[in-house]
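Chemist: Since chain W is already given, all that's left is putting chain H on it; use the hints.
Sequences listed follow chains W and H, in order. This note's numbering numbers the first residue of the first sequence as 1 and each following residue consecutively. This note's numbering numbers the first residue of the second sequence as 1 and each following residue consecutively.
No wet-lab data here; the hints were simulated from the structure. Since this is a predicted model, take the numbers as computed values, not measurements. Ideal Cβ positions, reconstructed from N, Cα and C, are used throughout, including at glycine. Among the hints, a few may not be true.
[Unchecked claim] Just the calculated beta-carbon pair ranges, DEER-fashion:
no., chain 1, residue 1, chain 2, residue 2, range
1, W, 34, H, 158, 50 to 56 Å
2, H, 249, W, 71, 25 to 31 Å
3, H, 330, W, 71, 45 to 51 Å
4, H, 183, W, 18, 29 to 35 Å
5, W, 18, H, 58, 55 to 61 Å
6, W, 18, H, 395, 36 to 42 Å
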Amino acid sequence: MNVGTETLAGHTVVIPAGRVDFNSASEFQAQLERAVGGARAPAAVIVDCAALEYVSSAGLRAFLLAARAAQRAGIAFVLCALQPAVREVFDLSGFSRIISVYPDRAAALTHVAQGPP
Amino acid sequence: MDQPSVSSRARAAAPGITPRDTLAPVTARASGAPRRAVDGLAALLLQGDGRWARAFENLILALIVVSVASVGLESIPALPAWAVQALRLMEIIVVAVFSFEYLLRLAAAPDKLRFIVSFQGVVDLLSFAPFYVGGLDTRWVRMLRLLRLLRVLKLRTHLLEATVGRRTRELAEKNDALERAQAQIRSELEVARALQVAILPATFPSRAGYEGAARMIPATTMGGDFYDFIELPGGQIGLVMADVSGKGVPAAFFMAVARTNLRELAAHHTTPGACLAHTNEVLCTQNPLDLFVTVFYCILDPASGVLRYANGGHNPPLLRRADGAVEALSGAGGLVLGAMPGVGFPDHAVQLRSGDRLVLFTDGITEAFNAADEAYGIERLVEEVRVHGGGAAAALVEHICHGVTVFAAAAPQSDDITLIVLSFDRLEPAALQ
Numbered sequence: 001m002n003v004g005t006e007t008l009a010g011h012t013v014v015i016p017a018g019r020v021d022f023n024s025a026s027e028f029q030a031q032l033e034r035a036v037g038g039a040r041a042p043a044a045v046i047v048d049c050a051a052l053e054y055v056s057s058a059g060l061r062a063f064l065l066a067a068r069a070a071q072r073a074g075i076a077f078v079l080c081a082l083q084p085a086v087r088e089v090f091d092l093s094g095f096s097r098i099i100s101v102y103p104d105r106a107a108a109l110t111h112v113a114q115g116p117p
Numbered sequence: 001m002d003q004p005s006v007s008s009r010a011r012a013a014a015p016g017i018t019p020r021d022t023l024a025p026v027t028a029r030a031s032g033a034p035r036r037a038v039d040g041l042a043a044l045l046l047q048g049d050g051r052w053a054r055a056f057e058n059l060i061l062a063l064i065v066v067s068v069a070s071v072g073l074e075s076i077p078a079l080p081a082w083a084v085q086a087l088r089l090m091e092i093i094v095v096a097v098f099s100f101e102y103l104l105r106l107a108a109a110p111d112k113l114r115f116i117v118s119f120q121g122v123v124d125l126l127s128f129a130p131f132y133v134g135g136l137d138t139r140w141v142r143m144l145r146l147l148r149l150l151r152v153l154k155l156r157t158h159l160l161e162a163t164v165g166r167r168t169r170e171l172a173e174k175n176d177a178l179e180r181a182q183a184q185i186r187s188e189l190e191v192a193r194a195l196q197v198a199i200l201p202a203t204f205p206s207r208a209g210y211e212g213a214a215r216m217i218p219a220t221t222m223g224g225d226f227y228d229f230i231e232l233p234g235g236q237i238g239l240v241m242a243d244v245s246g247k248g249v250p251a252a253f254f255m256a257v258a259r260t261n262l263r264e265l266a267a268h269h270t271t272p273g274a275c276l277a278h279t280n281e282v283l284c285t286q287n288p289l290d291l292f293v294t295v296f297y298c299i300l301d302p303a304s305g306v307l308r309y310a311n312g313g314h315n316p317p318l319l320r321r322a323d324g325a326v327e328a329l330s331g332a333g334g335l336v337l338g339a340m341p342g343v344g345f346p347d348h349a350v351q352l353r354s355g356d357r358l359v360l361f362t363d364g365i366t367e368a369f370n371a372a373d374e375a376y377g378i379e380r381l382v383e384e385v386r387v388h389g390g391g392a393a394a395a396l397v398e399h400i401c402h403g404v405t406v407f408a409a410a411a412p413q414s415d416d417i418t419l420i421v422l423s424f425d426r427l428e429p430a431a432l433q
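Isolated chain W (complex conformation) (with noise of 0.2 Å):
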C-alpha cells in the first residue's frame, strides 16, 4: 500500500493505492488521522480510492475511526471513486450508510464545498 496526499482547492485529498489489509491497516489509520488533525474546517478531507484494490475489515476500521475524529473536529470526511470491489465491501458492510462516497472527485468537491447537507 502506498499513500499519497494532495491538496484541492484548499481541501486535502488523500489517495492510497494497493491494499489495505490487516499488515497495512495501522499505517493507513495513521495517514487518514494525520490528514484530519491537519485540516481546518471548513477544508474537508477526500480520500480518493481510484487506486484503492482491497480493503479487508481492518481496512475498514481505518475509516471508521477516521470519519469518526473528523466528526467531532467538524470536518467533513468523504470518499471518492471506489472501484468496484472496494464499492462491495463498503455497500455489505453498511459503511457506505454513514461514511459519504461520491462517484469521483468532482462530485467530492461539489459536495464539500455545499458543507453538510
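Modeler: Just chain H now, kept in the frame of chain W:
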C-alpha cells in the same frame, strides 16, 4: 595471541590482581609485592584490550617501523653527523624498550623456558640481543624486527576474533531468549485457538427434517470468527455467523464479548433485527479498541420452514434450491455491530422448501488467497454449492473446506474460515413411522 600473553591475561582476570589496584599501594605491603607489581604491569601493558595495552602495542609497532626504516637511512653514504647521532640514539631507545618488553613478557610467563624457546620468544630476543653483543652495527639483525610485526598483527586478529566471538555469543543468547518468548506466545495462542473452537457448539439442535453442520478453521494469527446455534422458545433455533474486524488476541476477546451478548439477548427478542439492534447498543459501550463485528442472525421456525433474518454488515448467505439454483439472501447492507449506536436492522424472511440448503460463511472463504495472490472468490463458492449441494449438510461443509484448502495450498491462512450448512429435507410419510 601466543602463550605468555594469554596466561598473563588470565592471571589479570583473577581476583585481586586487576591492573588498577595492584600497581601503586601494594608494594609496601606484602613480601610478594615486587612479584605482584610485575604481574600488574604485565597485565596492564600486555593484556589485550586495555587502553594502556593498546598504547604500548602501538609504541612497539612504531618503534619497529622506525628502526627498520633507519636501516635504509643509514645506508645513505653522506649522512650528516647529527643524523647519524640521532639514529644511534633512536636505536638505543628501541633496544631499551624492546629489552624491557622482553623481560616483562618473560617475568609474566608461567613457563619461562617455553617462552624463551617459542618462536615469538626467539624473534623478540633477536630484535634487541645482538645490540648487546655486537654494538650498533647490526643492520641485518634489525631487519629481523619485521618479524615482530607478526606478533602485533596476530594480536590484532585475535582481538578482532575475540570481539566477534563475544558479540556472536551475545546475539545467540538474545536470540534464544527471543525464541523462548515466541515459543511461549505461540503455545498460548495455540491454547487460545483451541479454546476459540471449543466454545463453539459442536452439534446442531435436533429437529425432524433439518440438519446443520458447521466448521471453523482458525487462522494462524487467530481471527475473530464465530458461529452459534441457539435454542429459542417455541422450538425455534437461532443461527449466528459473525466475523470480528482485525486479528489476534483483541479480536478473540471482542468475539467472546459479542457472542456472549448476542446469545443472551437472543432469548429476549422475538425478531432478529431487534436482537441485533440491542446487541449493537451493548457492544458500542463495551468497545475500548473500536473493533466491530459483522453478524448474520437468523431464526428458523422448523415447523413452518420460515427463516427470519437480519444482516449486520455480513456477507449474504447463499440459498440453494432443490433444483440447484443458488441465490444470495437479499437484505444485505446493514451496518456492522459496534461501530455506531442507534442503528436499526431491518428484518427479512424467506420460506425454506424441501431440498433447500442454506450456506452461511465468512470472508475467510471468499478471501482465501493462493500463492499467486488470487482470491477464492464468491463465484467458486457459488459453483461448489450448486454442483455439490444436493447431499448431506456435513458433506457440503467438508467439500467446501477441502476445496478452499486445496485452492490456497501452501499460502498461509490469514483469516479464519467459518462455514455453516443448514439442510431441509421433508421426511417422507413412510420414514416418519
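Chemist: Of the hints given before, which are not true for this structure?
Modeler: Of the numbered hints, just 3 does not hold.
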